[in-house]
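**Q** Modelling step: build the complete structure from the supplied sequences, incorporating the hints.
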Amino acid sequence: MIEIEDQPWREMVAHARKTYPNECCGAMLGTVDNGSKRVAIAMPLENASAGSQQQRYELRPEDLLKADREARRRKMDLIGIYHSHPDCGAYFSETDLKNSCPWYSFVVLSIQKGEFDHANSWLPNAEQTKAEKEELIYK
Amino acid sequence: MAKVLIPTPLRQYADKHDSVELRGSTVGEVLGALTKQYQELRGQLYNDEGKLRSFVNVYLNDDDIRYLKKEATQVKDGDTISIVPSIAGGAAVEAPAQPVTLSKDEILRYSRHLIMPEVGMEGQLKLKSAKVLMIGAGGLGAPLGMYLAAAGVGRIGIVDFDVVDFTNLQRQVIHGTSDVGRKKLDSAADTMHEINPYVQIDKHETALSSENALGLFKDYDIIVDGTDNFPTRYLVNDACVLTGKPNVYGSIFRFEGQATVFAYQGGPCYRCLYPEPPPPGLVPSCAEGGVLGILPGTIGLIQATETVKLILGKGEPLVGRLLLYDALAMRFRELKLRKNPECPVCGEHPTVTKLIDYQQFCGIPQHEPAPPPGVAEGEIDPVEVKAKIDHGDRFVLIDVREPHEYQICNIPFAKLIPLGELPKRVNELNSADEIVAHCKSGMRSAKAVEFLKQAGFKKVKNMKGGILAWSDKVDPRVAKY
Numbered sequence: 001m002i003e004i005e006d007q008p009w010r011e012m013v014a015h016a017r018k019t020y021p022n023e024c025c026g027a028m029l030g031t032v033d034n035g036s037k038r039v040a041i042a043m044p045l046e047n048a049s050a051g052s053q054q055q056r057y058e059l060r061p062e063d064l065l066k067a068d069r070e071a072r073r074r075k076m077d078l079i080g081i082y083h084s085h086p087d088c089g090a091y092f093s094e095t096d097l098k099n100s101c102p103w104y105s106f107v108v109l110s111i112q113k114g115e116f117d118h119a120n121s122w123l124p125n126a127e128q129t130k131a132e133k134e135e136l137i138y139k
Numbered sequence: 140m141a142k143v144l145i146p147t148p149l150r151q152y153a154d155k156h157d158s159v160e161l162r163g164s165t166v167g168e169v170l171g172a173l174t175k176q177y178q179e180l181r182g183q184l185y186n187d188e189g190k191l192r193s194f195v196n197v198y199l200n201d202d203d204i205r206y207l208k209k210e211a212t213q214v215k216d217g218d219t220i221s222i223v224p225s226i227a228g229g230a231a232v233e234a235p236a237q238p239v240t241l242s243k244d245e246i247l248r249y250s251r252h253l254i255m256p257e258v259g260m261e262g263q264l265k266l267k268s269a270k271v272l273m274i275g276a277g278g279l280g281a282p283l284g285m286y287l288a289a290a291g292v293g294r295i296g297i298v299d300f301d302v303v304d305f306t307n308l309q310r311q312v313i314h315g316t317s318d319v320g321r322k323k324l325d326s327a328a329d330t331m332h333e334i335n336p337y338v339q340i341d342k343h344e345t346a347l348s349s350e351n352a353l354g355l356f357k358d359y360d361i362i363v364d365g366t367d368n369f370p371t372r373y374l375v376n377d378a379c380v381l382t383g384k385p386n387v388y389g390s391i392f393r394f395e396g397q398a399t400v401f402a403y404q405g406g407p408c409y410r411c412l413y414p415e416p417p418p419p420g421l422v423p424s425c426a427e428g429g430v431l432g433i434l435p436g437t438i439g440l441i442q443a444t445e446t447v448k449l450i451l452g453k454g455e456p457l458v459g460r461l462l463l464y465d466a467l468a469m470r471f472r473e474l475k476l477r478k479n480p481e482c483p484v485c486g487e488h489p490t491v492t493k494l495i496d497y498q499q500f501c502g503i504p505q506h507e508p509a510p511p512p513g514v515a516e517g518e519i520d521p522v523e524v525k526a527k528i529d530h531g532d533r534f535v536l537i538d539v540r541e542p543h544e545y546q547i548c549n550i551p552f553a554k555l556i557p558l559g560e561l562p563k564r565v566n567e568l569n570s571a572d573e574i575v576a577h578c579k580s581g582m583r584s585a586k587a588v589e590f591l592k593q594a595g596f597k598k599v600k601n602m603k604g605g606i607l608a609w610s611d612k613v614d615p616r617v618a619k620y
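Listed in order, the protein sequences are those of chains A and X.
Position one of the first sequence corresponds to residue 1 (the numbering used here), numbered consecutively onward.
Position one of the second sequence corresponds to residue 140 (the numbering used here), numbered consecutively onward.
These aren't lab readings, by the way, just hints derived from the structure by calculation.
Model, not experiment: these values are computed from the prediction.
Ideal Cβ placement from N, Cα and C applies to all residues, glycine included.
Where hints are given, some of them may not hold.
[To be verified] Residues on chain X that point at chain A, a partial pick, calculated with CB under 8 Å:
(1) D157
(2) G189
(3) R192
(4) Y198
(5) V223
(6) S225
(7) A227
(8) G229
[What the hints assert, rightly or not] Per label pair, the in silico range of CB-to-CB distance:
(9) E132/A - E415/X: 32 to 42 Å
(10) D611/X - R60/A: 26 to 36 Å
(11) E132/A - Q404/X: 30 to 40 Å
(12) R181/X - R60/A: 24 to 34 Å
**A** Below, the structure is given as structure tokens:
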């Protein structure tokens, strides 16, 4: 289960709307208690994909390293990654799966015609062959 | 001492530490010390082949070790090593960001294709964009996988859950002697990647089933059936018809093979040819009946040829024709196949509209009844037979296998009377004697015992487990086959 607090959730949606029709991406920082995750900070990161960003995103490892350091500094944890799917569903695509990492929650925001539509959280496996849906709570 | 920072989700495998101080002169040594201390971390960071997983990046202080000396990068006291995943993605499914092109290396590699107008750049790009799913990495899958990879088929999925054993090596040339004991998936993928590192290989370690077939087939353009059992053949056929994918079919037995393309552009399917499976046990498998090791090479390559033709859209596909090959006569024949309008799956009024239970359809019991433990009435243990021989007891041991099996291995004391000859040679036996019958595993000798009892013999017993059990329990020098 992953719960995103009001403030970071508003920032994530705003970030996804701002980059539309391109995909956005970022890190989620917070705490983990007995398997239930709580996101307190959304950290927008740059989409470093070299080609068209309408259907692609890429995170620079350096940026993730920064996010991890920021989390340590705040005595928090890097819990997950978020990104947007402009004008399509919040599924976990083949591209998402083949470039995923099993250690984090992957929150996907569906942005339809520039407005937030729905979101899902996914937990990919280590073999990058499938992802399970995780219960996602946001305001 | 170097400090390794542990990402949050991995701390559960490292006694909840967020960082660990370790010794080592290189990054590789430090990570080795880390995974030695916390063994569960190993599976998170390394794949089965001992390589860092594709999503794992390692940083020494602020630098990615890929741009230094990788795992041989020197580590000094006070250095910090970070484990950082590489993450990307996007909604793109059908439309990749980059159009498919060939690199300079690939152009060189495929040069003999590129200079033929029937393939050319257009065809080679079609091959690179193609997605083919192979069912099985055995006899047929071996030549198929190697040649499809060599030809540059961009994405090849393999469904297999078996492990390489010694009896495979006579024909499954994608696996070598040193692969015995490895997963066929890993061994096949290594061989294919060695031939052509530019192809993507998806390893599906699972038994194809009614639950997973449609999901697996969805991601591929062409399905190639390399299996040797009826339930899977019907399953592959029905799933191909339901998902609209061509089924490149091949089958082999002893010296004969068959190949065709089913369910392609309105052509017939396997059920048009065989609406019902044969009764269980009537058609022996290769394990039971044997197969010429080269035969799957020939048939698998016919399947590979048809697959490549379908991708290129060139030539005349083997649709509506069943190609029959007889290696002993060295002759090919063709049977015309017609689509059956009454076909239960691809006909005008299909009755099979979703996948069914194919084990049940083929009359195979869900759970084999377990053999009763111990030695049953009318049976004798090989150890007891050995004791009787050593003790000099008066009794007759008959071997009811075939003469060519007797040549592979035998129990010298035994008299060879093949099961089929038993009725006319029964007069060679004396009903006053105690008789023990054996075969390879105990099935045929049970039939022999049954026959002799009906012929009036009272003191007949079946040696439990046959010569295989003799090899296990009495004399390990006796070869198993």
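**Q** Go through the hint on Y198/X and say holds or violated, using the shortest Cβ distance to chain A against 8 Å.
**A** At about 6 Å, which falls below the 8 Å cut-off, the nearest Cβ of chain A leaves the hint on Y198/X intact, so it holds.
**Q** For the hint on G189/X, does the least C-beta distance to chain A fall short of 8 Å?
**A** G189/X check fails; min Cβ-Cβ to chain A is 15 Å, beyond 8 Å.
**Q** Does the closest beta carbon of chain A sit nearer than 8 Å to the beta carbon of D157/X?
**A** holds (7 Å)
**Q** Take a look at whether the Cβ-Cβ distance between D611/X and R60/A falls inside 26 to 36 Å.
**A** violated (60 Å)
**Q** Regarding R181/X and R60/A, is the given constraint of 24 to 34 Å on their beta-carbon distance met?
**A** holds (27 Å)
**Q** Can the hint on G229/X be confirmed by a CB-to-CB distance to chain A that is less than 8 Å?
**A** Constraint on G229/X satisfied, holds at 4 Å.
**Q** Using 8 Å as the Cβ threshold, decide whether V223/X counts as touching chain A.
**A** holds (5 Å)
**Q** Tell me if R192/X is really an interface residue toward chain A, meaning its C-beta lies closer than 8 Å to one of theirs.
**A** Given a least distance of 7 Å, the restraint on R192/X holds.
**Q** If you take the shortest Cβ to Cβ gap from S225/X to chain A, is it below 8 Å?
**A** Check passed: Cβ of S225/X comes within 6 Å of chain A, closer than 8 Å.
**Q** With chain A as the partner, please determine if A227/X meets the hint condition of a C-beta pair closer than 8 Å.
**A** Since chain A brings a Cβ to about 4 Å from A227/X, closer than 8 Å, the hint holds.
**Q** Are E132/A and Q404/X spaced within 30 to 40 Å by their CB atoms?
**A** holds (38 Å)
**Q** Starting from the hint 32 to 42 Å, judge whether the C-beta atoms of E132/A and E415/X obey it.
**A** holds (40 Å)
Figure legend: structure checked against the earlier numbered hints; hints not met, in rising order: 2, 10.
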